Amino acid sequence: MTLLHPDRSADSPVAIRIDEVSKSFGGTRVLDRVSMTIAPGRLTALLGPSGSGKTTLLRVIAGLERQTGGIVAFDGVDADRLTLRDRRVGFVFQHYALFRHMTVSDNIAFGLRVRPRRERPDRQAIARKVSELLELMQLQGLERRFPAQLSGGQRQRVAIARALAIEPTVLLLDEPFGALDAKVRKDLRRWLREVCERAQVTTVFVTHDQEEALELADGIAIMNRGRIEQSGSPMEVFEDPRTPFVCEFLGNVNRFDCTYGEGYVEVCGAQFPVDWGGRGAGIAYIRAHEFEVVAREHAEGVPAIVDAVHPFGDAVALEVRVEDRPRTVAVSISRELWELGEIRKGDGILVRPNNVRVFRAAS
Amino acid sequence: MVEATALPAPKGTVLPGLGLTLGMTLAYLGLIVLLPLAAVFATAAGMGLDEILRLLMDPRTLAALRVSFATALLAAAINAVAGLVVAWVLVRYDFPLKRLVDGVIDLPFALPTAVAGIALAGLYGPNGWVGAPLAEAGLRVAYTPADIVVALAFIGLPFVVRTVEPVLADLDREYEEAAATLGASRLQVVSRVVMPVLLPPLLTGFALAFARGVGEYGSVIFIAGNLPYLSEVAPLLIVIKLEEYNYAGATTIAAAMLLTSFLMLLVINLLGNWTRRRAGHV
Numbered sequence: 001m002t003l004l005h006p007d008r009s010a011d012s013p014v015a016i017r018i019d020e021v022s023k024s025f026g027g028t029r030v031l032d033r034v035s036m037t038i039a040p041g042r043l044t045a046l047l048g049p050s051g052s053g054k055t056t057l058l059r060v061i062a063g064l065e066r067q068t069g070g071i072v073a074f075d076g077v078d079a080d081r082l083t084l085r086d087r088r089v090g091f092v093f094q095h096y097a098l099f100r101h102m103t104v105s106d107n108i109a110f111g112l113r114v115r116p117r118r119e120r121p122d123r124q125a126i127a128r129k130v131s132e133l134l135e136l137m138q139l140q141g142l143e144r145r146f147p148a149q150l151s152g153g154q155r156q157r158v159a160i161a162r163a164l165a166i167e168p169t170v171l172l173l174d175e176p177f178g179a180l181d182a183k184v185r186k187d188l189r190r191w192l193r194e195v196c197e198r199a200q201v202t203t204v205f206v207t208h209d210q211e212e213a214l215e216l217a218d219g220i221a222i223m224n225r226g227r228i229e230q231s232g233s234p235m236e237v238f239e240d241p242r243t244p245f246v247c248e249f250l251g252n253v254n255r256f257d258c259t260y261g262e263g264y265v266e267v268c269g270a271q272f273p274v275d276w277g278g279r280g281a282g283i284a285y286i287r288a289h290e291f292e293v294v295a296r297e298h299a300e301g302v303p304a305i306v307d308a309v310h311p312f313g314d315a316v317a318l319e320v321r322v323e324d325r326p327r328t329v330a331v332s333i334s335r336e337l338w339e340l341g342e343i344r345k346g347d348g349i350l351v352r353p354n355n356v357r358v359f360r361a362a363s
Numbered sequence: 364m365v366e367a368t369a370l371p372a373p374k375g376t377v378l379p380g381l382g383l384t385l386g387m388t389l390a391y392l393g394l395i396v397l398l399p400l401a402a403v404f405a406t407a408a409g410m411g412l413d414e415i416l417r418l419l420m421d422p423r424t425l426a427a428l429r430v431s432f433a434t435a436l437l438a439a440a441i442n443a444v445a446g447l448v449v450a451w452v453l454v455r456y457d458f459p460l461k462r463l464v465d466g467v468i469d470l471p472f473a474l475p476t477a478v479a480g481i482a483l484a485g486l487y488g489p490n491g492w493v494g495a496p497l498a499e500a501g502l503r504v505a506y507t508p509a510d511i512v513v514a515l516a517f518i519g520l521p522f523v524v525r526t527v528e529p530v531l532a533d534l535d536r537e538y539e540e541a542a543a544t545l546g547a548s549r550l551q552v553v554s555r556v557v558m559p560v561l562l563p564p565l566l567t568g569f570a571l572a573f574a575r576g577v578g579e580y581g582s583v584i585f586i587a588g589n590l591p592y593l594s595e596v597a598p599l600l601i602v603i604k605l606e607e608y609n610y611a612g613a614t615t616i617a618a619a620m621l622l623t624s625f626l627m628l629l630v631i632n633l634l635g636n637w638t639r640r641r642a643g644h645v
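If you read the sequences in order, they're chains A and B.
Here our numbering is used: the first residue of the first sequence is 1, the next is one more, and so on.
Here our numbering is used: the first residue of the second sequence is 364, the next is one more, and so on.
So that you can see chain B by itself, here it is in the shape it has in the complex (with noise of 0.2 angstroms):
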């Protein structure tokens, strides 16, 4: 009688290592992520109910919130746009120095935030290059609300076009000519088969540089005057608060930050789940 060759049979993954892995993972995001961000809710949940709906029920702090998420969702939206034009560019074109453009990009990334603020303040200052010709035409972008945007437009530009440009350099230029000898419009190409496909990495983008730019400190208080009430963003009432050794009160409003941020990072990502279905990565 032939006896069977006895391999071991594979339990559950042909992969070795996931327990490791999994278990390593997990210490790792318990440590750095999860565990500060309990801390957060610790410490203003030291504070009673009362104290802490008062607290954010402060038109100041509601202000502040309202400036924080705004400038922020505008500006990853024109991001996402300019972000996407430029992607396009990087990928599709070939011109002198376009290596050095690609560098540029990067910039944001590594530019002490704080540098970013000052150079945008004296760009777009009363008495900046850009500031005082738009001041001078009605135009006053200092210390509102618009400089806020302006300095988060130029934090979060990287983000899209980092997660924008792989894709588009995956779809060949042959998609496009497929879609135009089967008859389709430029726009019926743009909008039925390169979009499609863009669309998830751009919605990752814009999700990146929403939440970079809702946390946004550094560039946004040297530019935007902070006004109480007209361009004093979250981030910096935060500090305020823990100047006046008011910890609990600037965790309650980081704790309100962050669960706002979460359900709209969870929306944005779940629509990006399904854009991605939708594009058949399977």
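Bound conformation, chain A alone (with noise of 0.2 angstroms):
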């Protein structure tokens, strides 16, 4: 699309390539050894509780942060060797940091208009820029206003358009729906793929909302500790993730603890077949929309009785007391079984799982 980009829409997008990267902040060590690549011109997210070093990663990639040890490539070139001009990333923060003193215009054609004057656009140029990205962004009638006069979802959009303005090799966003309200959320989510899609940049959103990443992300990377747990499709992490950590992050889980052994481990009442042989102490996971729930009559399944019905989305959300376990397990059915089967609080079920992910327990 050549819109965003008419003298280098030959340019392709850039490819990032991040190599042994470590980041210690005084005593501690923020980012391990963190090893990616991110594909050019696909939507990147790093997923992560707080604490996890996406944030530090993202700072990185950036130049905002200098890394420890360990390179960022930008299309095979070291960015250690780039200035922070000559890195050309639009980077998003999570509170936008526009400048308040300056109007949504202003605020947007700030990077086009502190370039070296041989560099520079000349005004009309500017000018065209400007309004091309106030309607790529639906910010047409806000160009004069101060940053103070707008909305959350406005402000984010004109932090979007003032990165974009300098042609970014690089989109870095920071959280990007952080500071939204809920329903907010939802329309900018599409709506920001769209945007990425069209500007056809390189970019990489952090997030802790596994929702956010799964939905809008071509390529995932979870982050634990300053390092990557796993990275891959949506797709892969979330039908295989191959952590506890990874598992417990993604998707409502319920953890069991089990032993395995001869093959096969049994969990809830079901028997698995596992891939390694001998015994010993293992981790189960199952989903809450992996379990079958039957009616008490009917054979097959561990007894449960219901503590909590939450009938407030696609999927009804029930919490069931499994009688040995001292925590509920959580259980999602369709509303089609709900209704037939009239499941109140109190009453009592069987349940089965249908699947199950088990880790060795560390020993």
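Note that these hints are calculated values from the structure, not bench results.
Any given hint might turn out to be false.
Said to hold, decoys possible - Simulated pairs of lysine to any residue, SDA-like, Cα-Cα distance not exceeding 25 angstroms:
{"#": "1", "chain 1": "A", "residue 1": "K183", "chain 2": "A", "residue 2": "Q149"}
{"#": "2", "chain 1": "A", "residue 1": "K186", "chain 2": "A", "residue 2": "G219"}
{"#": "3", "chain 1": "B", "residue 1": "K461", "chain 2": "A", "residue 2": "G27"}
{"#": "4", "chain 1": "B", "residue 1": "K461", "chain 2": "A", "residue 2": "T28"}
{"#": "5", "chain 1": "A", "residue 1": "K186", "chain 2": "A", "residue 2": "G27"}
{"#": "6", "chain 1": "B", "residue 1": "K604", "chain 2": "B", "residue 2": "T476"}
{"#": "7", "chain 1": "B", "residue 1": "K461", "chain 2": "B", "residue 2": "V444"}
{"#": "8", "chain 1": "B", "residue 1": "K461", "chain 2": "A", "residue 2": "F25"}
{"#": "9", "chain 1": "B", "residue 1": "K604", "chain 2": "B", "residue 2": "A433"}
Since we're looking at a predicted model, the values are computed, not measured.
Take the two lone chains, each set in its own frame, and fit them into one complex as the hints suggest.
Shown next, in the form of structure tokens:
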């Protein structure tokens, strides 16, 4: 698409390679030999709980922090050799960091106006660019406003427009939806995808919201304690979580302690094969939707008492008490089944898992 | 028929108590500020116009006014720069004993100015630690307007630091980082992003330091040498007139100072408002 890149439409988006990058603040290690590649032109999510190092990694990519070890390369060029200006990253801060003494237009034009004279577009070119971006971001009519006069969603769009104005090689967004309310979030998610696709720019965003990452990104890197636990497409990481942490972080899961032996593991009244021999303790994860629920009279399954019913979504969420477990188990069933079975709080039901992920417990 | 719920429409404003608080404000301002000021003008007006003009055109009076305003302006300007640096260091960096340094800034507020004057005179006087080497080097600061500027710089520093500090603290690092990622050089970051936001409080601090400096008496008389036409400040001249029981003369000089100060503060504040509007404080 050439609207945003009239002068560099031949440029292909940039690939980022992160190689053994570490970062320490004082004595604390925030990033621990992180390696990943970010595909050009794709939307990549850095997902993890707070304190996992995801924002620091984003800032290292941007050049706002200097890594203590390792290399960040943009299309094979060591980014350390590039100045902040030459990296041309569009960085969207969590709280947008709009210049409050400038109008919307002036904010967007900032990156063009501060260019050295010989690279600076003339007045008309800047005005054209600004109005293009205003249109793309659906901000027409707000150009003379100051940031204080805008809503949260509008501010975010101005921040993205400002970042896109410099025709960045990479667009980096720190918790892009963190400061917005739930309704606006959902709308903006879809819209951000469209913008990134149209702008054809390699995009990386940070989030702690798994749903956001799964829905929006082409690729996800799940971070924990300064390391990348797993990366891959949303489908890969969701269907095939490689570590207990990833398992717990993605989807609504229940954790069971179990023992395995003879190539089998028994969890919640059901047997599943495991890939390894011997005997030992394991941890099993079952997602809420991976339970079959039947009324008590029928056979097979573990008896459970319904502790709470939350019928407020596409699926009905149940909290059930399985006899010997102190914590309730989250089970989700379809609305039809729920209405058919007339399941209420206090009812006795049978639950049976139809899928499980087992990990050997660390010895 | 459904009857509409009758909520009393708020009259003008939703916040109650405007009448009472505004009344108190005006009464207090009138009693504490305006009445004494009016008295100054009333007393001064007791003299004939000829007499007033003769006094104001007196070279000694003019010299004293010039010394007062020039030194106050210069000291406020120096403080604007120094205070900005101090505020920057206090907000942006962490260093040992930061809280102690922070407390020291306020000392000029608390110290009786006469004490400050004596201390400064001891330092910068012809035999002082700083004054003696300077005098040997041929730079005489003692008993010159330079000495007055030093005293006023001391007195005025906290005004600038304390007005700039909260605004600077509010200006998150992110703004500078955002500007830098957009390609701004360090100089552009400071001139286009930081200074526009800091200018309004800086002007306010400047105005406060200036106003304080113009009226300063205690610290100045100990250090300035008080040579008529050279280092005699207007407040001192007022005291001299008072000691001669020349009340009308004293108040005339006071009224002249008031008017000049008022005009200068008005200009500074208008400038401040203009920069504030440009800084987007809506």
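Comparing the hints with the structure gives:
1. A:K183 x A:Q149: holds, 20 angstroms
2. A:K186 x A:G219: Judged against 25 angstroms, a Cα distance of about 19 angstroms means the pair holds.
3. B:K461 x A:G27: Distance of about 22 angstroms is within 25 angstroms: holds.
4. B:K461 x A:T28: holds, 24 angstroms
5. A:K186 x A:G27: violated, 39 angstroms
6. B:K604 x B:T476: holds, 22 angstroms
7. B:K461 x B:V444: holds, 20 angstroms
8. B:K461 x A:F25: holds, 21 angstroms
9. B:K604 x B:A433: Satisfied, since the Cα-Cα distance of roughly 22 angstroms is no more than 25 angstroms.
Hint 5 from the earlier list is the only one contradicted by this structure; the remaining hints agree with it.
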